[in-house]
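Enquirer: As given, the protein sequences belong to chains W and L, one line each in that order.
Start counting the first sequence at 1; every next residue gets the next number (my numbering).
Start counting the second sequence at 1; every next residue gets the next number (my numbering).
It is worth saying that the hints were derived from the structure and are not from the lab.
Just so you know, these numbers come straight off a predicted model, no measurement behind them.
Fair warning: there could be bad hints in the mix.
Said to hold, decoys possible - Sample of chain W residues at the chain L side, in silico, Cβ under 10 Å:
1) 1
2) 4
3) 6
4) 35
5) 42
6) 50
7) 55
8) 56
9) 88
10) 92
11) 106
12) 107
13) 108
For each residue, glycine too, the CB sits at the ideal point set by N, CA and C.
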Amino acid sequence: KAGVTQTPRYLIKTRGQQVTLSCSPISGHRSVSWYQQTPGQGLQFLFEYFSETQRNKGNFPGRFSGRQFSNSRSEMNVSTLELGDSALYLCASSSAIGTTLYEQYFGPGTRLTVT
Amino acid sequence: AQSVTQPDIHITVSEGASLELRCNYSYGATPYLFWYVQSPGQGLQLLLKYFSGDTLVQGIKGFEAEFKRSQSSFNLRKPSVHWSDAAEYFCAVVRPNTGFQKLVFGTGTRLLVSP
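If we strip away everything but chain W, and leave its shape as in the complex, we get (with noise of 0.2 Å):
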């Protein structure tokens, strides 16, 4: 079974553009779930899509943004870009059904610089 895939992998970005990073769950995953990961702020939860809904959402500006395709893919946004969001963003799938939770698998990453 294939992993988890984000694509771009990596992504240079000017402060005040926005981006869209894209997110492939393991096949039959249909939660989908976004961290950041920075040197001084570590692994942060940015939220969580399940069958095309927001279920959670972590404390990050409204400038980060989400959602999910019927077939599980999400992509997150991020408008008007500040150097903090350099980061490591790092998508995860589970095969969550309702409240039962399952172990998470990560994607690869994508590396956003801000310039």
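Please arrange chain L on chain W, whose structure you already have, making use of the hints.
Expert: Relative to the frame of chain W, chain L by itself:
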């Protein structure tokens, strides 16, 4: 607020020696517990998980972890470290029975393996 503490930022172990990485959590109830490993420039790989039952859990790559409720700990161990184990290790928790997929991570422990 829920938190995860990994008290050791760096640990250096000789190849062939045993390893123990510490993890303590602060939660209202026993959470689900995970250990992930991250090699440079890579995503997170799940080593093992604890949901319930036997408090000693076996994972991949020869790792094991022991859940101790009385100490709110979930320490990761390996009897004999290989040079390829050099990486960063993250302990994480998630609140059970809520459907919330939000993983809360510790700050990580970087393992260095000396020859």
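Enquirer: Any hints this thing doesn't respect? Which numbers, in order?
Expert: Violated hint (a single one): 1; every other hint is consistent with the structure.
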